[in-house]
Amino acid sequence: MWISKTIFNHFKSRLNFTPNYAPLSLLSPRRFASTIAQNPSTFNSIHDANQVIDFPGGTVKFIPEMRFISESSPQRIPCYRVLDDDGQPLANNFVQVSEEVAVRMYSNMVTLQIMDTIFYEAQRQGRISFYATTIGEEAINIASAAALTRDDVIFPQYREPGPLLWRGFTLQEIAHQCFSNKYDNGKGRQMPIHYGSNKHNYFTVASTVATQVPHAVGAAYSLKMDKKDACSITYFGDGGSSEGDFHAALNFAAVMEAPVIFLCRNNGWAISTPTSDQFRSDGVVVKGQAYGVRSIRVDGNDALAIYNAVQAAREMAISEERPVLIEALTYRVGHHSTSDDSTKYRPANEIEWWRLARDPVARFRKWIERNGWWNDMAESELRNSLRQQLLHSIQVAENIEKPPIEDIFNDVYDVPPSNLREQEQWVKDTIKKHPLDYPENISA
Amino acid sequence: MATLFQGLPSSTAFSSSNKFNHVPAPTSFSERKSSIVTVRSDARWSPVLNYATHKPQRLITNAVATKADSSLASTSSKPGHELLLFEALREGLEEEMERDPCVCVMGEDVGHYGGSYKVTKGLATKFGDLRVLDTPIAENSFTGMGIGAAMTGLRPIIEGMNMGFLLLAFNQISNNCGMLHYTSGGQFKIPVVIRGPGGVGRQLGAEHSQRLESYFQSIPGIQMVACSTPYNAKGLMKAAIRSENPVILFEHVLLYNLKDRIPDEEYVLSLEEAEMVRPGEHVTILTYSRMRYHVMQAAKTLVNKGYDPEVIDIRSLKPFDLHTIGKSVKKTHRVLIVEECMRTGGIGASLTAAITENFNDDLDAPIVCLSSQDVPTPYAGTLEEWTVVQPAQIVTAVEQLCQ
Chain A
1 MWISKTIFNH FKSRLNFTPN YAPLSLLSPR RFASTIAQNP STFNSIHDAN
51 QVIDFPGGTV KFIPEMRFIS ESSPQRIPCY RVLDDDGQPL ANNFVQVSEE
101 VAVRMYSNMV TLQIMDTIFY EAQRQGRISF YATTIGEEAI NIASAAALTR
151 DDVIFPQYRE PGPLLWRGFT LQEIAHQCFS NKYDNGKGRQ MPIHYGSNKH
201 NYFTVASTVA TQVPHAVGAA YSLKMDKKDA CSITYFGDGG SSEGDFHAAL
251 NFAAVMEAPV IFLCRNNGWA ISTPTSDQFR SDGVVVKGQA YGVRSIRVDG
301 NDALAIYNAV QAAREMAISE ERPVLIEALT YRVGHHSTSD DSTKYRPANE
351 IEWWRLARDP VARFRKWIER NGWWNDMAES ELRNSLRQQL LHSIQVAENI
401 EKPPIEDIFN DVYDVPPSNL REQEQWVKDT IKKHPLDYPE NISA
Chain B
1 MATLFQGLPS STAFSSSNKF NHVPAPTSFS ERKSSIVTVR SDARWSPVLN
51 YATHKPQRLI TNAVATKADS SLASTSSKPG HELLLFEALR EGLEEEMERD
101 PCVCVMGEDV GHYGGSYKVT KGLATKFGDL RVLDTPIAEN SFTGMGIGAA
151 MTGLRPIIEG MNMGFLLLAF NQISNNCGML HYTSGGQFKI PVVIRGPGGV
201 GRQLGAEHSQ RLESYFQSIP GIQMVACSTP YNAKGLMKAA IRSENPVILF
251 EHVLLYNLKD RIPDEEYVLS LEEAEMVRPG EHVTILTYSR MRYHVMQAAK
301 TLVNKGYDPE VIDIRSLKPF DLHTIGKSVK KTHRVLIVEE CMRTGGIGAS
351 LTAAITENFN DDLDAPIVCL SSQDVPTPYA GTLEEWTVVQ PAQIVTAVEQ
401 LCQ
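Line by line, the protein sequences give chains A and B. Heads up, the first sequence is in UniProt numbering, so the first residue is 1 and it goes up one at a time. Heads up, the second sequence is in UniProt numbering, so the first residue is 1 and it goes up one at a time.
It cannot be assumed that every hint is accurate.
Said to hold, decoys possible - Here are the simulated BS3-like pairs of lysine-lysine, each with C-alpha atoms no more than 30 Å apart in a straight line: (1) B:LYS330 / A:LYS199; (2) B:LYS330 / B:LYS300; (3) B:LYS189 / A:LYS228; (4) B:LYS189 / B:LYS121; (5) A:LYS428 / B:LYS78; (6) B:LYS259 / B:LYS78; (7) B:LYS300 / A:LYS428; (8) B:LYS331 / B:LYS300; (9) B:LYS126 / A:LYS227; (10) B:LYS78 / B:LYS331; (11) B:LYS327 / A:LYS227; (12) B:LYS126 / B:LYS189; (13) B:LYS189 / A:LYS182; (14) B:LYS327 / B:LYS300; (15) B:LYS305 / B:LYS327; (16) B:LYS305 / B:LYS330; (17) B:LYS259 / B:LYS126; (18) A:LYS433 / A:LYS402; (19) A:LYS402 / A:LYS428; (20) A:LYS228 / B:LYS126; (21) A:LYS227 / B:LYS121; (22) B:LYS121 / A:LYS402.
These aren't lab readings, by the way, just hints derived from the structure by calculation.
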């Protein structure tokens, strides 16, 4: 804290150090408590006085041995999972999911998978400029959304379109956004996959890494002030956890007791940087305790584990007014984006193995099939229908006009100021003078 | 944000800052009786209650107003109450927090400590520590928090303990605060106010003497205003809080203890309007924040030497009030800009470009811009004084300009 001499001298008479409140203790909910040291005479005995001291922050015990806390535990934090690789439940202590919800979850996971495949192909064909897939992380996307309610606000990074699909955002709307046409919610202003919809409580994706993490804390603070039965959730990757915003946001959330779920998709890669070059801690889950945040490590490819963990976290976040950190271990099967070829930095057979043997969608399918809720016919029907829908949506979106010129200048402010109106007129005049130099599919 | 002065009756005689006066311009300042109106962000303008004399008309005779003899018009028969600038900011803040429960404050030491400049003193006790939030030291993140809270319906005021610290928040301010309303297609709005003290103080060192308005001025989507008197501090604070756009309110470390009398009635100023401090004929001097007082001190000398400078406190740094400025340029044909920013890329540089582009035909001489040098602010008092534009330099510049 910086106080300059001048300021301090001027204001020192106004500073109030009257100790009319209880000494600070770790468990005290009061924020105005002073940090005055406890009077030593309140100790029970001289013996006690030798073993503890009360620095600001609370009492700590003395020990005569110099003990460094190791940089790592002998054992890594274990990972919570419900279904094994074959889709068999490991125990019976998980929250049961009804047939309706399970089938809906599975359909959405398949939708996400097919959507990614087709849009990726579309980019490769030059029909859209950019795309990033979620292949391998479908369970995290859909199961986490399924465990939340519509009132919980979502702050995504960019690899989480699943919650949008779960909440009813249509494939056509996805296509509109990817083609940046005039029906896009974002009015063509953001890159493909930067979805946003206030109707669905899903905040617009920004390309900046981890900036959404403090946003989620702010939103949780707002929900807490309004006493709403809702929390905020934010997603980020292993790479995002290195950003300063992540650390400060966790710290803030703990101090402010904000109802927020931090969901880290530790998929092993930040573009080409493996986690061994990203951090030297035991993943991201151990960082929670450092900030006073309750945390858990979950098998990110197990839809039921994610569902259970997020549901429990939501309950804790809202009723106990605390943040929760969930580290979902997974693997980024796809490339970072269409601008990346990950075979350049990892073996192609490793990618293939994760894609086939550890596919979260197939694993969940085994579980629902075993329950008698799904079968091959339903599978092929779903996949065919989705493919048709997607191809149709793409075709429709491709042929729709782009947003009008006005949308370059609207929404910079609530009402466009005169300088922007002038600039808009200038652009329009230029287009009128040189129509052949500008694209045709812009509505006037 | 309104397009400037659209919809105003064309028959009104505009003179000085009393633009909405419906009577012909009176001969002396102190006789002017008027109703104050504000231009709202939806381009409607509405009257605010009458009061006897209109504060900004009177001549400011002292460079930095001292306690007792702050103004000629400060007689005991005048209504209103006296307070210091930081108290005016607090008053504005308190009134808005009472009026709208969504308004909240976050920043370092703003809670029970009352803020390092006491702008938020007493507010935590009154409104609770959830509405006046003490944050850990992470400017980027609490600015981000404010943005997230704003997107979900709150109206946060984010205080930077010193404007310079907000350099750490640049990412959130530029990439998210300024952009998210736009990139979300208008779905999410960010009605935050980012405020704090900046400018060159008294030997605060280079890191605490930053002028951030020059770094922020390019960011699309934000508005910037600078207050300089208790009257406009309160009015701009209230306007900034009520605005739906993100607004950065620049305060100056050395102006917090300015004392002045402000009206008892509620008033809100326009964020896009400049303030006519002293009408004149010979030269237009454009300035803002602390330099206003250096200019007014120089004006005293200039008047004694026979010059008649027109002094405008531009107040709105983004966007510029080109209407008021243009009118003045058309009258005097000479422009001097006095600012505290550094020469390269400062507010003065942009203002010079804007005036040249728009009013080149009305200029009889090239625009002169007095700014600080492109150096970090030195600590030694004498050196520091020479990095800031002094009244003597302003007098010389006007004399040269008016040759």
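Now the hints, each set against the structure:
1. B:LYS330 / A:LYS199: violated (50 Å)
2. B:LYS330 / B:LYS300: holds (23 Å)
3. B:LYS189 / A:LYS228: Answer holds: LYS189 of chain B to LYS228 of chain A is near 20 Å, not above 30 Å.
4. B:LYS189 / B:LYS121: holds (29 Å)
5. A:LYS428 / B:LYS78: Given pair LYS428 of chain A, LYS78 of chain B is violated - Cα atoms ~54 Å apart, limit 30 Å.
6. B:LYS259 / B:LYS78: holds (15 Å)
7. B:LYS300 / A:LYS428: Violated. LYS300 of chain B to LYS428 of chain A sits at ~49 Å, over the 30 Å cutoff.
8. B:LYS331 / B:LYS300: holds (21 Å)
9. B:LYS126 / A:LYS227: This hinted pair holds, its Cα atoms lying about 20 Å apart.
10. B:LYS78 / B:LYS331: Violated, because 33 Å separates the two Cα atoms, which is more than 30 Å.
11. B:LYS327 / A:LYS227: violated (52 Å)
12. B:LYS126 / B:LYS189: Judged against 30 Å, a Cα distance of about 28 Å means the pair holds.
13. B:LYS189 / A:LYS182: holds (20 Å)
14. B:LYS327 / B:LYS300: holds (23 Å)
15. B:LYS305 / B:LYS327: holds (25 Å)
16. B:LYS305 / B:LYS330: Roughly 23 Å between the alpha carbons, so the hint for LYS305 of chain B and LYS330 of chain B holds.
17. B:LYS259 / B:LYS126: OK: LYS259 of chain B and LYS126 of chain B at ~25 Å, within 30 Å.
18. A:LYS433 / A:LYS402: With a Cα-Cα distance of about 20 Å, the restraint between LYS433 of chain A and LYS402 of chain A holds, given a limit of 30 Å.
19. A:LYS402 / A:LYS428: holds (15 Å)
20. A:LYS228 / B:LYS126: Between LYS228 of chain A and LYS126 of chain B the Cα gap is close to 23 Å, so the pair holds against 30 Å.
21. A:LYS227 / B:LYS121: Holds, because 26 Å separates the two Cα atoms, which is no more than 30 Å.
22. B:LYS121 / A:LYS402: violated (51 Å)
In terms of the numbered hints stated before, the structure departs from hints 1, 5, 7, 10, 11 and 22, listed from lowest to highest.
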